[in-house]
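Asker: Here is what each chain is made of, one letter per residue.
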Amino acid sequence: MHFSKPKRPIQLMEICGTHTMSIARSGLKSLLPDDVKLISGPGCPVCVTPSSLIDLAYDLAQRPNTLLCSYGDLLRIPGNKYSSLQGLSQVKICLSCMDALTLAKENPSKNVIFLGVGFETTAPGSAIAILEAQRQNIQNFFFLSLLKQTKPAICTLLEQENTQIDGFLCPGHVAAIIGEQGFSFLPNQYHRPGVISGFNPEDILYSIELLIQMLNQDKSAIQNTYGRIVKPQGNQTAQAIIQKVFEPQDSLWRGLGNISKSGLQLKKEYETWDAWKRFNLPPLTNTEPKGCQCASILCGQKEPKQCPLFKTVCKPQTPIGPCMVSSEGACAASYLYESEDLL
Amino acid sequence: MNDILMDHGSGGQLTSDLIDELIVPTFKNEQLTELKDGAILPDPQNKLVFSTDSFVVDPWKFPGGNIGKLAVCGTINDLCMAGGIPKYLSCSLIIEEGFHINDLRAILHSMQQTAKNADVSIVTGDTKVIERQKGNQIYINTAGIGILQRQTSYQYQENDVVVLSGSMGCHGASIFMAREDIHLQGELLSDCTCLKEKAMKAMAYDSLRILRDPTRGGVATTCIELIEKSDFGMELYEALLPVDPNVQTLCDLLGFDPLYLACEGRMLCIMNENDAKQLCEQLKDGAKIIGKITKEHPQKLYLKTKIGATRRLHKLSGQPLPRIC
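Protein chains in written order, with our numbering: chain P, 1 to 343; chain H, 1 to 325.
Next comes chain P alone, as it looks inside the complex:
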């Protein structure tokens, strides 16, 4: 494939962890023109979750008759007080919030708590599980909402002083829910082009070419190369169900700090299932391991190789920061697929 030649050096951000992984796995960066640089953004839900969650979850798991349910990636994140959630018999891997609801039904004597990390993509499934808990009157199932929304984080990034992002590769999965319209703020408010892309390397290559073309023409718009899945208005049923169950709240992002209205909390009428309220949990705090550069990496200000811990002490087997823990983190992708001389 031949790319258009950019008129000036450009930096493009892929927001989504699945894009980061596909780019690394396919070796795509080696095919780009020299003056096109890809940087990874804050789109891996595990990576943007503060590590204090692990300590909070660990303490929660020690309470009597508790079963904690989590996506697999979260289990390997190191906490500040505790090493990780791995190996705790009262922690179970679930693939969805519905699985946790099933566990709650099967274990009526236990409090089953789901660690609900994720973006707009996992929010509808979680909302359905909560509505189902309400319908079936299941009182031992609780949702610990750590859900985040993509737009406030991108706005925060673009409003930082030293941000140099010329265009965005927009996440196809999130766009499937929020639609093309969900990214129109990029050209409208920030004059940045964006291309909604699928996850095959071919999708990503084509989307990057479109971004180069738009930048060469000084055009900023949203284009959609994932039209087989993403509709202009998105999935309105999913949007409605998110709005029915959740409302925006301030949320703490690893690397970006507290961002106003960037999270989703359960509405008052669903507070019976809200683990924060039911167990009277303290808010998360932002303490990160010494030397860890995940914060700058998530903002696209540094590359993994610029972190002093990368490959020296921080490795997939012994991760320090979340970008190495998650299989979709920028550091894990770089370590596994891009670095030349391992170990």
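Hint data in this document are derived by calculation from the structure and do not stem from the laboratory. Since we're looking at a predicted model, the values are computed, not measured. Please note that a few of the clues may not be correct.
[Claimed, not checked] Chain H is faced by these chain P residues, among others (derived, beta-carbon under 10 Å):
1) Thr18
2) Gly27
3) Ser30
4) Leu31
5) Gly72
6) Cys94
7) Thr156
[To be verified] To spell it out: a stretch of chain P is covered by chain H in this simulated footprint if at least three of its residues, at any positions, have a beta carbon under 8 Å from a beta carbon of chain H; those stretches are:
8) 199-205
9) 257-265
10) 328-338
The beta-carbon is built from N, C-alpha and C at its ideal position, and this holds for glycine as well.
Position chain H relative to chain P; hints supplied.
Answerer: Frame of chain P, contents of chain H only:
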């Protein structure tokens, strides 16, 4: 009696009953029936290959097999990959108190069927029982003896090619699905099978350098092991890698890479290209040339991706955990 009791491992009457009524009749053969402390085997008249492997798979029953079939295939395959024709196996059972005897019967039956199909006899063994909750239902160790048929080595030649005998990762994917209770449309069975016939076909070629089965760590890790003791490097071609569509779906869903999922019935052979083409036709079942040996980048494995880029492949690090979205 329905369940295994501690007494079944005591060496007393219940142990004898289990051996006499279940194990010996299932594995029935001349050497075992004598029930001496060891089996007396005929003079082999050639060098021997000797291997052992322990099986702790969880769950013990999975789509396409069970721990018994796996324990027999695993050691038979190791003997074959070392250039041997497998002849005799031992079978050591470590069973958790409370395990159902009917399940044990099913496991032993699978072992016998698999061994018989490969013309292998299970000639000696042992049974131990461990207390409830001190283990995970059942563990099996098998050791095996084969007669050396073909000496293999890491002495490759430039432009030798790499043959894979079938699609990658079905075993790893099916175990993961059984363990995590995931259901997808379509059938995904473990590839767990005995490689004796296929290995013998490969051994018939003079240019065969080496045989390996890509078990734990998958095709990528095994390929690195094949070159790290040689003076050569290897290139794999993503476009040629055979992946079952169900395995690919699971990998897409969970963020796994099929190159790192375990196979239990696939073999990798390194040999010259013309012989490899003929062998693929003989092996059928989707056997394919997936890569080649090169003098460039010794001891390193590279993947040519579908979009024409190149990236280095490393050994598996860490257990794959399901990703979030």
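Asker: With reference to the structure, classify each hint as holding or not holding.
Answerer: Hint check results:
1. The interface hint given for P:Thr18 is met, as the beta carbon of that residue sits about 8 Å from the closest beta carbon of chain H, less than 10 Å.
2. Annotation: interface hint on P:Gly27 holds; nearest CB of chain H at approximately 3 Å, less than 10 Å.
3. The restraint placing P:Ser30 at the interface with chain H holds, with a minimum CB-CB distance near 5 Å, inside the 10 Å limit.
4. At about 5 Å, the closest approach between the beta carbon of P:Leu31 and any beta carbon in chain H falls short of 10 Å, and the interface hint on this residue holds.
5. With its C-beta approaching chain H no nearer than about 3 Å, P:Gly72 sits inside the 10 Å limit, and its interface hint holds.
6. Interface restraint check: P:Cys94 against chain H, minimum CB-CB distance 9 Å, threshold 10 Å, status holds.
7. The beta carbon of P:Thr156 comes no nearer than 21 Å to any beta carbon in chain H, farther than 10 Å, and the hint placing it at the interface is violated.
8. By the rule of at least three residues with a Cβ nearer than 8 Å to a Cβ of chain H, the coverage given for the stretch 199-205 of chain P holds, with 3 such residues.
9. A count of 0 residues in the stretch 257-265 of chain P with a Cβ less than 8 Å from any Cβ of chain H is obtained; the coverage claim is therefore unmet, three being the minimum.
10. For the stretch 328-338 of chain P, the assignment as covered by chain H holds, since 4 residues bring a beta-carbon within under 8 Å of that chain's beta-carbons and 3 suffice.
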